[in-house]
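Position chain G relative to chain V; hints supplied.
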Amino acid sequence: MKNKKFYGHALPGMDPDTLSGMLVVIEGPDSSGRTTQIELLSGWLERMGYAVARVGLNRSKLVAPALAKAKEGNVLSPRTMSLFYATDFYDQLENTIIPALNAGYVVLSDRYIYTLMARDLVRGADSAWVESLYSMAIIPDAVYFLMASTKSLVERSLTVNLSLDYWESGMDIGISRDWYDSFVRYQRVLRSKYRDLQDKFGFEMLNANRSVKTIQRDLRGRIETVLREIYR
Amino acid sequence: MNEMEIPGKLIAVEGLDGSGKSTQIHLLYQWLVGLGVKVFFSEWNSSGIVKGATRRGKKKHLLTPTTFSLIHATDFADRYERQILPMLKAGYIVLCDRYMFTSFARDGVRGCDPRWLRRMYGFAKRPDVVFYFRLPLEAALGRILDGRTQLKYFEAGMDIGLSPDIEESFTIFQGKVKEQYDTMIDEFGFHVVDATKPIPAQQEVVRTYIDDNMDLSGFRRRVVR
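Heads up: the sequence lines are chains V and G, in that order. Residue 160 in numbering that gives the first Met the number 0 is what sits at position 161 of the first sequence, and the numbering runs on without skipping anything. Residue 111 in numbering that gives the first Met the number 0 is what sits at position 112 of the second sequence, and the numbering runs on without skipping anything.
Quick caveat, the hints were computed from the structure, so don't treat them as lab data. Here the structure is a predicted model, which means the values were calculated and not measured. Treat the hints loosely; a few may be bogus.
Pairwise CB distance ranges, derived in the manner of DEER restraints [what the hints assert, rightly or not]:
| id | chain 1 | residue 1 | chain 2 | residue 2 | range |
| --- | --- | --- | --- | --- | --- |
| 1 | V | Val74 | G | Pro199 | 37 to 47 Å |
| 2 | V | Asn101 | G | Gln29 | 48 to 58 Å |
| 3 | G | Glu4 | V | Gly173 | 15 to 25 Å |
| 4 | V | Pro98 | G | Ile165 | 22 to 32 Å |
| 5 | G | Asp185 | V | Gly220 | 56 to 66 Å |
| 6 | G | Gly174 | V | Asn101 | 30 to 40 Å |
| 7 | G | His25 | V | Asp164 | 39 to 49 Å |
| 8 | V | Val74 | G | Gly174 | 39 to 49 Å |
| 9 | G | Arg54 | V | Asp171 | 22 to 32 Å |
| 10 | V | Tyr165 | G | His190 | 38 to 48 Å |
| 11 | V | Pro98 | G | Ser162 | 21 to 31 Å |
| 12 | V | Trp166 | G | Ile165 | 35 to 45 Å |
Simulated crosslink set (PhoX-like; lysine-lysine; CA at most 25 Å straight-line) [to be verified]:
| id | chain 1 | residue 1 | chain 2 | residue 2 |
| --- | --- | --- | --- | --- |
| 13 | G | Lys50 | V | Lys68 |
| 14 | G | Lys177 | G | Lys151 |
| 15 | G | Lys175 | G | Lys196 |
| 16 | G | Lys124 | G | Lys88 |
| 17 | G | Lys177 | G | Lys196 |
| 18 | G | Lys50 | V | Lys60 |
| 19 | V | Lys60 | G | Lys151 |
| 20 | G | Lys151 | G | Lys50 |
| 21 | V | Lys212 | V | Lys150 |
Only part of the chain V face toward chain G is listed, based on derived beta-carbon distances under 7 Å [as the list claims (entries may be wrong)]:
| id | residue |
| --- | --- |
| 22 | Gly12 |
| 23 | Ala65 |
| 24 | Ser131 |
| 25 | Met170 |
By construction, the Cβ of each residue, glycine as well, lies at the ideal position given by its N, Cα and C atoms.
The following block holds chain G by itself, in its conformation from the complex:
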C-alpha cells in the first residue's frame, strides 16, 4: 500500500526524559477527542507480548546494546503492524509518545550503527510531523533528578559504563542523547518546540501547527457514540 492509500495522520513527540512531551501529547489527545476526531494513542515500549521479555532482560541486566535495540524494535513492530498501521489505514490520527527516533538517539549513544538502526526501522511510515520538545540539558536533568526518587539502570545508561555513579551516568547519557536528537532536527525535519515555555504556550504551538497543516474535519467520527 503506498502513501496515497493511507488516509490517517501520524504525529509523534520526541524529547529527553523530563522534556514534558508526554504531558503535551496527553493534552493534544484531549483536544482532538473533544473535537470529535478519530484518534489513537500509542506509547513506546508498551506492547503486551514482548513486554515480558523486555522486563526480564532489564531486570536481570541481560541486554547488550544490540539486543536492547532489537527488543524495542520487536515491541515497535508488534504495535505498528497490529495497531498503528491499521488505525492509519482506517483514517485515524495516531499519536505516538516516542517513535523510531528514540531508538536512533538512545541506541546510537550505546554504539549501534546509525545505518543499521535506520534500515531496521525502514518498514515503518515516517510521521507526518514530529514535535521535538527541546530544552537545555540542565533543565531536563533538574526535572528528573529533583522529582523522581530512583533512576532506572538502563534509563541512566548504566549498561555502557559511563560512570559507576547512577546520577552522573544519567547526566552524561542524557547529554549524549540530546546531541543525537539535535542532529536529527535537520535529518528528519523535526518541528522544534521550546520546552522551557509554560505548558499552555507549548500546547498552543502544537495545536496551531496541526490546525494549519491538517484538515481535521476529514477525521471526524461518522458514528457519534
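Just chain V, same shape as in the assembly:
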C-alpha cells in the first residue's frame, strides 16, 4: 500500500493514511472516448476481482441541479462558475471518492481537477488562484490523458450528437460567432493549457487517434503496473 497525498494540505478532518484503494483518472476533451474506455476498464477490473467505483464531474447531489440550471441561462460569471464547479468537485471527493478509497475500491474518475483548471485558465483565471482552490485534491495514483486531434473531436461530436456543444465550443467566451470556428479555436487553447498542466502535474499522454481496442490494451498495460504496486 502506497500512502495517498494531497497537492497542498489535507482536507479538514482527513487522515490520508486510511486510504487504501486506487485512484485512476482518465482525462481528455469531450468526444475523446473517455467514457467508452472507462466502461471497458470497469468490466475488466471487476472480472479480475477488484471493486470499482465510478465518478465524474458535475454529478454531485449538492450542486449538480443548480449548476445545470445556471449553465442553461449562462448568467453566472466565470469566477462564480469556477467556485460552483469546485464545490461540486469537493462534494464528490468527500462523499464518494474518499469513502470508496477507504473501502479499498478502484476509483475510476471520468476527468478530474485538470479539466476544471484548464477551463478556468482559458477563461482568464489566475493560475495560482486555481491551484490553491484545488490544493486539497488527492493526488491520483495514475492520470491518463486521451489526446485526440481537433478534427477527430469535431467528427466524433457531430456523429454522436449531430451538433457541437455550446460549452465545449467555448461559445460563452465569444472567440467567434461561428460555432465551428469557435470549437476549433477553443479546443486549441484548451490543449495548450492542458500541456502546461501536464508539465506541472505529470500525467501520461495517450494517443486517442487509435481504435478503441488499441487504446484499451494500452491503458490496461499501464494500469496493471499500478495495481501491482497498490494491491500487493
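Leaving out everything else, chain G in the frame of chain V:
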C-alpha cells in the same frame, strides 16, 4: 482595473450573531440615503442563483466544512462580480452586512486552512473600512438564546460535533468564532466598535468615522429622483 480606477467606497460590518451589526448597517444606510448619497446594500449569503443549492445542502446536512465554505464563496463571487464591483466602479458606497471575514472566522473554526481561505477570496477588493462590533461572548449569547426560539443546525456549529446539545454547541462555536474575529483585528485593521454601548452611541461612532474619512459630497446622486 487597479484600485485607482475604483471611485466607490466599500464598507463592511462584522461581528458575532447578536452583536447588533445588522441594525447598525441599516441605520447607516438610512443616513446615507438621507444625505442623497449613491448607496447599495448587500447581505451575506443572499445571491439568488446559488441560494437554492445552499438551502438544499443545509436542509439535508449534505455540507462538509469544505463544501460549506465553497458554496458561500460561490454566493459571494456571484454578488461581488454582478453587483458589488460594478457598483463600486459606478461610484457607489457599498455596504456589506458580513464580508469575507465571516468565512475566515466560521470556516476557520470548522477546520479549513486559513491560507486556503484567504487565497480563495483573494480576487475581492479589501473594504475601505471594516467595523467590528465587539462585545463579550456572554452578552452576544444572551441576545440570541433569550430572543430567538430555535437555533439553526449550521449556525450552532452542530456539523462539527462540538456537543450534541444545540445550545451548548452554539456557545462553544460562538466562542471560537469570537477568537477568530479578535485575531483579525490587527491582521486586517478592523475598526472596533464597542457593541455594549447604546445603539445611537454606536451609530454616532460609525457616522463620525465615515464623515472624517470619506468626502461624501463626491458620492451624491447627479439626478435627483
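The hints, checked one at a time:
1. Val74(V) / Pro199(G): 37 to 47 Å: holds, 42 Å
2. Asn101(V) / Gln29(G): 48 to 58 Å: Once the Cβ atoms are compared, 54 Å apart, the range 48 to 58 Å for Gln29(G) and Asn101(V) holds.
3. Glu4(G) / Gly173(V): 15 to 25 Å: holds, 23 Å
4. Pro98(V) / Ile165(G): 22 to 32 Å: About 27 Å separates the Cβ atoms of Pro98(V) and Ile165(G), which means 22 to 32 Å holds.
5. Asp185(G) / Gly220(V): 56 to 66 Å: Because 58 Å falls inside the window, the suggested range holds.
6. Gly174(G) / Asn101(V): 30 to 40 Å: 33 Å Cβ-Cβ, so the 30 to 40 Å window holds.
7. His25(G) / Asp164(V): 39 to 49 Å: With a Cβ separation near 46 Å, His25(G) and Asp164(V) satisfy 39 to 49 Å, so the hint holds.
8. Val74(V) / Gly174(G): 39 to 49 Å: holds, 40 Å
9. Arg54(G) / Asp171(V): 22 to 32 Å: holds, 27 Å
10. Tyr165(V) / His190(G): 38 to 48 Å: holds, 47 Å
11. Pro98(V) / Ser162(G): 21 to 31 Å: Taking Cβ atoms as reference, Pro98(V) and Ser162(G) lie about 26 Å apart, which means the hint holds.
12. Trp166(V) / Ile165(G): 35 to 45 Å: holds, 43 Å
13. Lys50(G) / Lys68(V): holds, 13 Å
14. Lys177(G) / Lys151(G): The given pair, whose Cα atoms are some 18 Å apart, holds under the 25 Å limit.
15. Lys175(G) / Lys196(G): Roughly 23 Å between the alpha carbons, so the hint for Lys175(G) and Lys196(G) holds.
16. Lys124(G) / Lys88(G): holds, 12 Å
17. Lys177(G) / Lys196(G): holds, 18 Å
18. Lys50(G) / Lys60(V): Roughly 15 Å separates the two Cα atoms, so the pair holds.
19. Lys60(V) / Lys151(G): Cα-Cα ~22 Å, so holds.
20. Lys151(G) / Lys50(G): holds, 16 Å
21. Lys212(V) / Lys150(V): holds, 21 Å
22. Gly12: holds, 6 Å
23. Ala65: OK, holds: Ala65(V) within 7 Å of chain G, min 4 Å.
24. Ser131: At 4 Å from the nearest chain G Cβ, Ser131(V) passes the 7 Å test, so the hint holds.
25. Met170: violated, 20 Å
Checked against the numbered hints above, the structure breaks only hint 25 and satisfies the rest.
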